[in-house]
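Protein chains in written order, with the numbering used here: chain D, 1 to 539; chain Y, 1001 to 1539.
In short, the hints are calculated from the structure, not lab data.
One or more of the hints may lead you astray.
What the hints assert, rightly or not - The calculated DSS-like cross-link candidates involving lysine-lysine, where the alpha carbons are at most 30 Å apart (straight line), are:
no.: 1; chain 1: Y; residue 1: K1225; chain 2: D; residue 2: K382
no.: 2; chain 1: D; residue 1: K232; chain 2: Y; residue 2: K1152
no.: 3; chain 1: D; residue 1: K458; chain 2: Y; residue 2: K1243
no.: 4; chain 1: Y; residue 1: K1382; chain 2: D; residue 2: K301
no.: 5; chain 1: Y; residue 1: K1150; chain 2: D; residue 2: K243
no.: 6; chain 1: Y; residue 1: K1382; chain 2: D; residue 2: K152
no.: 7; chain 1: Y; residue 1: K1417; chain 2: D; residue 2: K150
no.: 8; chain 1: D; residue 1: K150; chain 2: Y; residue 2: K1225
no.: 9; chain 1: D; residue 1: K150; chain 2: D; residue 2: K300
no.: 10; chain 1: Y; residue 1: K1301; chain 2: D; residue 2: K417
no.: 11; chain 1: Y; residue 1: K1232; chain 2: D; residue 2: K182
no.: 12; chain 1: Y; residue 1: K1182; chain 2: D; residue 2: K225
no.: 13; chain 1: Y; residue 1: K1243; chain 2: D; residue 2: K417
no.: 14; chain 1: D; residue 1: K300; chain 2: Y; residue 2: K1417
no.: 15; chain 1: Y; residue 1: K1493; chain 2: D; residue 2: K152
no.: 16; chain 1: D; residue 1: K174; chain 2: D; residue 2: K225
no.: 17; chain 1: D; residue 1: K150; chain 2: Y; residue 2: K1182
no.: 18; chain 1: D; residue 1: K493; chain 2: D; residue 2: K536
no.: 19; chain 1: D; residue 1: K219; chain 2: D; residue 2: K182
no.: 20; chain 1: Y; residue 1: K1225; chain 2: D; residue 2: K152
no.: 21; chain 1: Y; residue 1: K1527; chain 2: D; residue 2: K527
no.: 22; chain 1: Y; residue 1: K1527; chain 2: Y; residue 2: K1493
no.: 23; chain 1: Y; residue 1: K1225; chain 2: D; residue 2: K219
no.: 24; chain 1: D; residue 1: K152; chain 2: D; residue 2: K417
no.: 25; chain 1: Y; residue 1: K1417; chain 2: D; residue 2: K301
no.: 26; chain 1: D; residue 1: K527; chain 2: D; residue 2: K150
Since the structure is predicted, the reported quantities are computational estimates derived from the model, not experimental observations.
Protein chains: 2
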Amino acid sequence: MSFAGLSRRQFLERLGILGGIGAAYYGLGPIGLLPPANAAAGPPQINYNIGGGRHVVILGAGIAGLCAAYLLRNTQFKVTIIEPARQVGGRCLTLRGGDIIAEQHTDSHGEPFKPAVCQFDHDPQLYLNAGASRIPQSHSAILRYCRELKVKLQPFIFACRSNLLQNDQFNGGKPVPLRWVKHDLRGHIAEILMHAARDDQLAGFVRPENRRVFNQMVKYFGSLKESKQSLKYRGTRRGGYAKKPGAGPVRGTLRESFELNEILASGIWHTGLLSDMYLYWQSSLMQAEGGMDHIPRAFKKNLGANARLLLNRQAVGINRAADKVYIQQSGSGETLAADYCISTMAPPLLSTILDQSFAPDFKAALARTYMVPACKVGWQTKNRFWEEETEIYGGISWTKHMISQVWYPSHGFHSQKGVLTGAYMFGNSAESFGSMSNAARLAVAMAGGEKLHPGLFKQNIENGVSIAWQNMPGQAGGWAYYRNQPENPDYMKINEPQGRLLLAGDYYSYLSGWMEGAVLSAELAVKRLTRMAAEKKVA
Amino acid sequence: MSFAGLSRRQFLERLGILGGIGAAYYGLGPIGLLPPANAAAGPPQINYNIGGGRHVVILGAGIAGLCAAYLLRNTQFKVTIIEPARQVGGRCLTLRGGDIIAEQHTDSHGEPFKPAVCQFDHDPQLYLNAGASRIPQSHSAILRYCRELKVKLQPFIFACRSNLLQNDQFNGGKPVPLRWVKHDLRGHIAEILMHAARDDQLAGFVRPENRRVFNQMVKYFGSLKESKQSLKYRGTRRGGYAKKPGAGPVRGTLRESFELNEILASGIWHTGLLSDMYLYWQSSLMQAEGGMDHIPRAFKKNLGANARLLLNRQAVGINRAADKVYIQQSGSGETLAADYCISTMAPPLLSTILDQSFAPDFKAALARTYMVPACKVGWQTKNRFWEEETEIYGGISWTKHMISQVWYPSHGFHSQKGVLTGAYMFGNSAESFGSMSNAARLAVAMAGGEKLHPGLFKQNIENGVSIAWQNMPGQAGGWAYYRNQPENPDYMKINEPQGRLLLAGDYYSYLSGWMEGAVLSAELAVKRLTRMAAEKKVA
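Chain D with its partners taken away, still in its complex shape (with noise of 0.2 Å):
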């Protein structure tokens, strides 16, 4: 639990590694050097001369394809991306006004998807990220290529404390905003707390020497009061006011706080409360200005001369022969011989497209990979009801409701219209809702927006969007989910090298569903197919 003496800054200038920003720092820790062993999960150091022309074909320019392409521009490599949907980004993607959602699939009633269309205004603050929505301060190897690529950040507010919880076992069904039961559930635990201090539960825990300011701790934390020598949770005004305090005399009064059998009973602390402790999900993280797409854009309008871009083109079959990767392509496509070939497809499609080149338990283990159900909902809205009537700006409100999140924008604050994430669910719920035409799936949504803001949620509504990444033309769900990742036998096999065909896109890491997962995976592939080009070189 020690920082270096030098920093760290210092430290790589004496190693006289710190010319431009980025390659050195990737993979240290947010303070302090870490391990020698680290080092080795930095971005690939490529040596520009050892493409010696050969052909490397990249399925897919979501953010690893991309990525991986980005990597090796300036290289003698001749690079081929082919990707089959019409714009680069994959899961990555921003829906604006006049876009189309193709999904392909059939509806519970047998149905095909009709394609939808976004009715948004054309007005650039008024989009919603389908997919990739945030990225939190840890995930420094996205965020170096941010900077790099000058894609322009600004916050992403994940939790505003005046958003809401609601859950019909809990008030009645009534939503009520989240600081409430922050602090009330604190009270509680800290009174508990200072009960059991009383009757000498802390031996082991705490040393008679700092009793005295444990109790302080513990008074603060949960913001009690003295009462008979001992301390009891009545109420704060952390959690805000019945009646404000304003100028003059008007000193306002206290909330009645929430009772800790009802807290418990109800279930609402699990519903959303306490969901930004998670690592990945901050008080506030970051997104790109104007929508996350700007940061595949970005990455499309930095690859080298050597990279072609084929959109509209899909793989569908691969056959790896001793030193070469032959790749299939759908309609009258050639086929591309490749000397190496980086797929970021999503580990079930994968295994449907390997031939018999490819040994039958690795892509056993593709198959088995559990694609989450991931859907999402976007509305447009005629006035930013949350802001004027609610004192919500930005964060995300839980309900228990199948939607499960209905989130604000963090950007555009008092603007006359916003556009609301007015469903963020995974899973089954979001298994069954992908099962619905779009219509059913927006008449359950502004059930649940009603939830949240009895009165005041279809009426400002304008219109609506959905999207099921399960049914995604290209794509299997939103992300991979491995039980036990660590141990799981799957992923350890999935991750096997391939020989001159190497896996990237966020399945293959530990943050698979975040851009983290696939920039760093991509980074692994590109050092991996280096070393194979060097040391055949060098044979």
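Got chain D; can you put chain Y on it based on the hints?
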């Protein structure tokens, strides 16, 4: 604890009072309609015909004075604002390159302060909000004015969990990311709770049928692990990793956690760790794009044709006659004859210019008002080392060093330079800091910054500027502090009506130090003024 059956909007619409957004809303709590008693706290309903050419003199063009004049726009009152400074805004002051800070006092060596010049580059993104800096979501009055006046707002991140805590008694004085201590403390608290629960200390707190869910909640709250049929804190991923997880085989390793006794004994738990629990210190707040002085500027731009604003004019005497208030100005300024005067001066300063026509006990109460000394330092930096090397994007780091806080900008992520708030202190330490010369202050603040960012801070600073509000002309400190405010006799006394002299400013509210207090006090003063004027007219 319940919502009204009607939404607020529905209710207001039925009353037919929902015209322009704004007026109808003020004073209502975050959700649900408040009792009618609170309606009185709304902005004054001005009868535009009652002015009758009468003269209102407003002392001070800070937020309160500007707001009062703005409320009187379009009336038949004639309004004169006199302001001692060269610009409007008062303590809502933004410093940019070329600005001069001319404190009026002598330093601890008896030398008069030399005017300091802000050396920041001329770049619209490089500024220091030297006074007012942020708006909580619950400050609905100032937010309403920002909306009406079209002041663009953006997030002000108060708490980014990679912000640092530093305390010479903790971790050998080396700073640590806040989230390390945050999650360790929660873990220890949860573990003690589970220990107490096992020994049945919960009787009276948790009903038997909720015992199981209590255990689940505590386990989740503290990220506890099962261990020998009990729940223990063994570190958590929530606090981050010693070695980050990555792609393929890179699992990552947890950091070691801090012992509870170390956290307690060092007092690190009281070094900013829990600051964002306060209602007005939320994890995110709001700020005006480009600097907080856009708020007073917007008020100024929207004053009515009935208002004249006189800068560089100081009131030096006030006399109250039967139906007039006379304001004597400094130098050769004319004596202003006012039908009504709204003073927004700090109470102790006002007390010195009230003549014998005011009651001695009122003047004495004004004079006794404790004005809190408050200081800030701003640093322009060569680069944004806190983002590039420490994963900090906005927020505040905390130290027991005199500087107390370092604020990181919430805008311009990844741009070349930035302005840090390099110190923010109040009370005794600000008293002592403010008595130093500018050079001495900067030397102290540099040492403090270096405590938080060892080896990085000093070498990346380009120039700095300091301000001590207790020394600023026309000011008496950062804000007023009233011990036990509801029962404080001086607070009651200075809020007693003084006839045609009305008092406004955050000092005269329960929100001293906040713009919300300033505008609420202005609304109250204007309401009283117009009520008096209406009575006079009727009589």
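Each hint, compared with the structure:
Taken as a hint, the K1225 (chain Y) and K382 (chain D) pair is broken in the structure, with Cα atoms around 47 Å apart against an allowance of 30 Å. Taking the CA atoms of K232 (chain D) and K1152 (chain Y), the gap is near 43 Å; set against the 30 Å cutoff, the hint is violated. Using a Cα cut-off of 30 Å, the hinted pair K458 (chain D) and K1243 (chain Y) is violated, with the two alpha carbons roughly 47 Å apart. Note on K1382 (chain Y) and K301 (chain D): the hinted pairing holds, with a Cα-Cα distance of about 28 Å set against a maximum of 30 Å.
Only pairs whose Cα atoms come within 30 Å are accepted, and K1150 (chain Y) paired with K243 (chain D) is accepted, the gap being roughly 27 Å. For the suggested pair K1382 (chain Y) and K152 (chain D), the alpha carbons sit about 19 Å apart, so the restraint of at most 30 Å is met. A distance of roughly 14 Å separates the Cα atoms of K1417 (chain Y) and K150 (chain D); the hinted pair therefore holds under the 30 Å criterion. For the hint linking K150 (chain D) to K1225 (chain Y), the alpha-carbon distance of about 42 Å lies beyond 30 Å, and the restraint is violated.
About 13 Å separates the Cα atoms of K150 (chain D) and K300 (chain D), which keeps this hinted pair within 30 Å; it holds. The hinted pair formed by K1301 (chain Y) and K417 (chain D) meets the criterion: a straight-line CA distance of about 25 Å does not exceed 30 Å. Between the alpha carbons of K1232 (chain Y) and K182 (chain D) the distance comes to roughly 23 Å, so the proposed pair stays at or under 30 Å and holds. With a C-alpha separation of about 23 Å, the suggested pairing of K1182 (chain Y) with K225 (chain D) holds against the 30 Å cut-off.
Distance restraint check for K1243 (chain Y) and K417 (chain D): the Cα-Cα separation of roughly 43 Å exceeds the 30 Å cut-off, and the hinted pair is therefore not satisfied. At roughly 27 Å between alpha-carbon atoms, K300 (chain D) and K1417 (chain Y) fall within 30 Å of each other, so this suggested pair holds. Between K1493 (chain Y) and K152 (chain D) the CA atoms are separated by roughly 52 Å; this puts the pair beyond 30 Å, and the hint is violated. Proposed proximity of K174 (chain D) and K225 (chain D) is supported: the alpha carbons are some 29 Å apart, at most 30 Å.
With a C-alpha separation of about 33 Å, the suggested pair K150 (chain D) and K1182 (chain Y) falls outside the 30 Å cut-off, and the hint is violated. Of the pairs offered as hints, the one joining K493 (chain D) and K536 (chain D) holds, with about 25 Å between alpha carbons and a cut-off of 30 Å not exceeded. Among the hinted pairs, K219 (chain D) with K182 (chain D) is consistent with the structure: their alpha-carbon atoms are about 16 Å apart, no more than 30 Å. At most 30 Å may separate the alpha-carbon atoms for a hinted pair to count; K1225 (chain Y) and K152 (chain D) exceed this at roughly 40 Å.
Under the criterion of a C-alpha separation no larger than 30 Å, the hint pairing K1527 (chain Y) with K527 (chain D) is inconsistent with the structure, at around 71 Å. With a C-alpha separation of about 19 Å, the suggested pair K1527 (chain Y) and K1493 (chain Y) falls inside the 30 Å cut-off, and the hint holds. Restraint check for K1225 (chain Y) and K219 (chain D): the C-alpha separation of about 26 Å stays at or below 30 Å, so the hint holds. At most 30 Å may separate the alpha-carbon atoms for a hinted pair to count; K152 (chain D) and K417 (chain D) meet this at roughly 22 Å.
Restraint check for K1417 (chain Y) and K301 (chain D): the C-alpha separation of about 25 Å stays at or below 30 Å, so the hint holds. For the hint linking K527 (chain D) to K150 (chain D), the alpha-carbon distance of about 24 Å falls within 30 Å, and the restraint holds.
Checked against the numbered hints above, the structure breaks hints 1, 2, 3, 8, 13, 15, 17, 20 and 21 and satisfies the rest.
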